[in-house]
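Chains as they are written, first to last, in the working numbering: chain H, 1 to 545; chain F, 1 to 108; chain G, 1 to 228.
Derived from the structure by calculation, the hints contain no laboratory data.
Here the structure is a predicted model, which means the values were calculated and not measured.
Yeah, the Cβ is synthetic: ideal placement off N, Cα and C, and Gly gets one too.
Among the chain H residues that face chain G by a calculated CB cut under 10 Å, a handful are:
| hint | residue |
| --- | --- |
| 1 | G213 |
| 2 | T214 |
| 3 | G241 |
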Amino acid sequence: MATTVAQPVEKTNYLNADYGIKSWLLTTDHKRIALLYLASVTFFFFIGGFFAMLIRLELLTPAGDLMQADTYNKVFTMHGVIMVFFFLIPSIPAVLGNFLVPLMVGAKDLAFPKINLLSWYLYMIGGAFALYGMINGGVDTGWTFYTPFSTTYSNTNVSMVAIGVFINGFSSIFTGLNFIVTIHRMRAPGLTWSRLPLFLWSHYATAVIMVLGTPVIAITLLLVAAERLLHLGIFDARLGGDPILFQHLFWFYSHPAVYIMILPAMGVISELVTCFSRKRAFGYYFVALASIGIAVIGFLVWAHHMFVAGISVYAAMVFSFLSYLVAIPSAIKVFNWTATLYKGSIRFTTPMLYVFGFIGLFTIGGMTGLFLAALGVDVHVTDTYFVVAHFHYIMVGGAIMAYLGGLHFWWPKITGRMYPESWAKLSALLVFVGFNLTFFPQFVLGYMGMPRRYWQYPPEFGVLNILSTAGASVLAVGYVFPMIYFAWSLRYGPKASANPWRAAGLEWTVPSPPSTFNFDETPVVTWEAYNYDEIEETEEAEVVG
Amino acid sequence: MSEHIVSPKIYVLVFMALIIFTGLTYGIALINLGPFNAIVAITIAMIKTLLVILFFMHVKYSPKMTKVTVVSGFFFLLILVALSLTDYISRPWAGYYGGGSAKPANNK
Amino acid sequence: MSDSQTAVHVLKHHFRDMEQQNETSSFGMWVFLVTEIMFFGGLFCAYLIYRILYFDSFAAASSTIDVKWGAINTVVLICSSLTMALAVHAAQLGKRKVLVGFLIATIMLGGVFLGIKAKEYHDKFVEHHVPGPSFHFEVEPEMAEKFHAIDPAKTEIFFSLYFLMTGLHATHMVIGFGLLTWLVIAGSKGKYSPIYYSPVEMVGLYWHFVDIVWIWLFPLLYLISRHH
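All chains should be modelled from the sequences, with the hints used to inform the complete structure.
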C-alpha cells in the first residue's frame with residue numbers, strides 16, 4: 001500500500017499488517033517467526049545467564065559454600081544445556097537467518113513457511129520439557145550426558161531433559177532444511193551463487209551441518225532415554241557395551257554443532273565488515289568456500305573431545321591431525337576480513353565495534369583450540385578451565401558478539417527504529433571488557449591445573465577466580481543494557497529509513513520495516529555482492545549532479 | 001519433481017528383481033562363504049537399495065541436485081562409521097581392548 | 001475444476017510457478033530423507049561396531065530369530081513399495097480410483113508387516129529375549145558348537161539393538177500409515193491431478209525410504225550366520 005504523499009503516513013508493514021495474538025502465534029511470515037524466536041531465545045539466554053551467575057558466585061570463594069556439590073553439578077549442567085541448545089544454536093540462524101534469508105535471496109518467504117512455524121513450536125515444546133526437568137529437580141550429568149552416569153547412575157531428570165533436547169533438535173533440522181531449499185531454489189533472477197552475500201554462504205553451510213549432524217544426536221539421546229526407561233542397554237558396560245560409543249555418537253554432532261554456532265556469526269561479520277569499511281569483501285570466493293570447508297572438515301574431527309577418554313592412541317593421532325586441518329578455513333576468513341579493512345573507509349559504529357571484538361577474540365579462541373588439538377598439551381589441560389576459556393572465547397567472544405553486532409546492524413530493518421548509538425557503544429565496551437576479565441584468567445587457571453566442573457578449589461586459585469567473577473558482573477551489565485535500550489527504541493527511537501547504513505544487499509532495498517511479502521516486484525540482480533565502489537560512485541554522482 | 005512418467009512395466013521389472021535378490025540373500029546366507037557372506041549380503045543390499053532409489057524414487061530421472069543430496073547423505077554416514085571404526089579396530093594395537101571376544105594384550 | 005484453475009488454486013504465493021513449487025517440495029523431501037539416513041545411521045553404526053566386537057554372540061542371538069517371518073516381511077514391504085509407486089503413477093495420470101486403490105493396498109500390506117512384527121515381538125517376549133530384568137539367553141549346544149565365544153550378556157546388546165532398530169522402523173511405518181490415510185482421504189476427494197500430485201510423490205519417497213531401511217535390517221539382523 002505505497003503512497004506518494006509527502007506527509008509520512010503509517011505504511012503497512014509486516015508488524016502492523018495484522019493484530020492480535022493469533023496473528024503472531026499462527027503466522028507463517030518468516031519475519032514474524034524471527035521475532036518469535038528473538039523473544040524466546042532472549043528468554044532462554046537470561047535463564048542460562050542466571051545459571052552462569054550462580055556458577056561465578058559459587059566460585060568467588062575457594063570453599064563450596066554457596067550450594068551443595070550436587071546442586072553445583074545441576075547448575076553447570078543446566079547452564080550448558082540451555083546456552084548450547086536453546087540459545088547459541090538457534091540464535092543467529094533462527095533470528096537473523098529467518099528474517100534475512102528470504103530478503104537476501106529476493107524471495108517472498110522461505111520455501112516452507114509452515115514448517116518454519118512448526119520449527120518454532122518444536123523449539124518451544126523442547127524448551128518446555130527441558131525447563132520442566134530443570135525445575136522439577138534438575139539434571140546433573142553435564143550438558144554432555146556422558147554414559148554410564150547418565151544412563152545408569154544419575155537419579156536426576158535425565159530423560160526429561162534429553163527428550164527436550166531431542167525435540168529441539170527437530171526445530172534445528174527443519175530450519176536447516178528450509179534454508180538449504182530456499183537458497184537453492186528461490187534465488188531471484190540474476191542472483192547467481194557467486195553474487196550471494198557471504199551471510200547466505202555461511203547460513204547454507206550451517207544448514208548443511210544442521211541437517212546432517214542433528215539427527216545423530218537425536219538418536220543418541222533417544223538411546224540414553226531408552227537405556228534409562230526401557231533397559232535397552234547399548235552403552236552398559238556390564239553387558240559388554242562401550243560407554244565411549246556414546247561419546248563417539250554424541251560428539252559426531254556436538255563438534256559440528258560448534259560450527260553451527262560460529263558459521264552464522266562469521267556470516268554476520270562478513271556483512272558488517274564490508275559495510276563499515278565500504279569495500280568489497282577481500283577474497284570473496286575464499287571466504288565462501290571456507291564456509292563450506294569448515295562445514296565438511298568439521299565433521300571429521302569429533303574425537304578430539306575424547307583424547308583421554310579411552311580411545312586408541314592411533315585414532316587420537318588421526319583426529320588430532322584432522323583438527324589442525326579445520327583451523328585453516330577459519331584462518332582464511334580472519335585473514336580476509338582483516339584484508340577487507342585495509343584501505344577501507346572505516347566507521348566505528350556499534351556493529352563495527354563488535355566486529356573488531358569478534359576478530360580479536362575469535363582468533364584467540366581459535367588458536368587455543370589448536371593448542372588443545374595437540375595431544376600432549378591436551379593431556380595436560382583437558383577438563384580444566386583452559387578448555388572452558390577456549391570455548392567461551394569462541395562462543396561468547398565470537399558468536400555472541402557477532403549476534404549482538406548483527407542485531408544492532410539489522411535492528412532498523414527489523415523494527416523500523418534506530419537504537420541509541422551512545423548507549424550501544426557503551427554496552428559494547430562493557431561486553432568487551434567484562435568478557436576478557438571473565439575468561440582470560442580462566443586460561444591461566446586451567447593451565448595452572450584448576451579442573452572444570454568442580455565446585456570448590458584450592459586457595460591459590462582464588463585471585464583469578466575473583467577477577468573472573470568480577471568480569472562476569474560487568475559482562476552481565478553489558479548484556480542487560482541492550483535489552484533496555486532496544487525495548488526503549490521500539491517506542492522512542494528515531495524512525496529508520498530503508499537504508500540508514502547505506503549498505504549493499506537486497507534487504508536494504510525494501511522499506512524499514514519491510515512489508516509482509518517483502519518485495520512488490522521480484523528484484524532482478526545484475527550486480528556483484530558488496531558493490532560498495534558502485535554505490536559510492538552513484539552517491540557521489542547524486543551529490544554532484 | 002520428475003515430469004518424466006515411469007511406465008508401470010519398469011516398476012514391475014524392478015519389483016521382480018527385488019524379490020529375486022531377496023531370495024538370493026537368503027539362499028547365499030545358507031552357504032558358508034566365510035568372510036564373504038557379509039560382503040555378499042551387503043552388496044546385494046546395496047543393489048536393492050539402488051534399484052529402489054533409482055526407479056521407485058525416480059532419482060534416475062531427477063535433477064543432479066537430487067543425486068548429489070542422496071550421495072551426500074550416505075557419504076556422511078560412511079564418515080561416522082569409518083572414523084569411529086578407526087578407534088575400535090586400533091584399540092588392540094594400543095595395548096588394551098574394550099571388547100570381549102578378543103583377548104586383551106596383557107593381563108591388567 | 002479445470003487444470004489451470006486447479007493450478008492457480010494450489011500455487012502458493014511465494015512461488016512463481018508450479019514447476020518451482022513442485023521441484024522445491026521434492027528437494028525438501030529429499031533433504032528430510034537425508035536426515036533420516038543419519039538418524040537410522042547412528043543405530044547402524046552402533047550395530048556395526050558391536051557386531052565386529054562380539055560376532056559370535058551376535059550370530060548366536062540372530063540365529064534364534066525366525067528367518068521365515070523376516071523373509072516374508074521383506075517380500076511384503078517390497079510389494080507395498082510397488083503398490084506405492086503405482087499409486088504415484090496413477091496420480092500422475094489423474095486416475096483417482098486407481099490411486100486410492102493402490103494407496104489402500106499399500107496400507108494393507110503395511111498392516112500385514114506390522115502384524116507379523118507383533119508376532120515376532122511376542123515370540124521374543126516368550127523366549128525371554130526382551131532386554132531388561134527378565135532377559136535370559138539360553139545357549140543351545142549346537143549353537144555353542146558353531147559359535148565358540150558366546151557371552152549371554154552380549155546377546156542382550158544384540159536384542160537391544162534388534163528392538164531399537166525394528167522399533168524405530170515400525171514407528172516410521174505407523175507415521176507412514178497416517179500419511180497414507182491422509183492421502184486416501186484427500187485423494188478420494190479428487191484433490192490430486194496431473195498438475196498437482198506432489199504430496200503423493202513425497203509420501204511415496206518416504207515410504208520407499210522406510211522400505212530401504214528394512215532391506216538392510218533383514219540381512220543384518222536375521223542373516224548374520226545361517227550356514228551349517
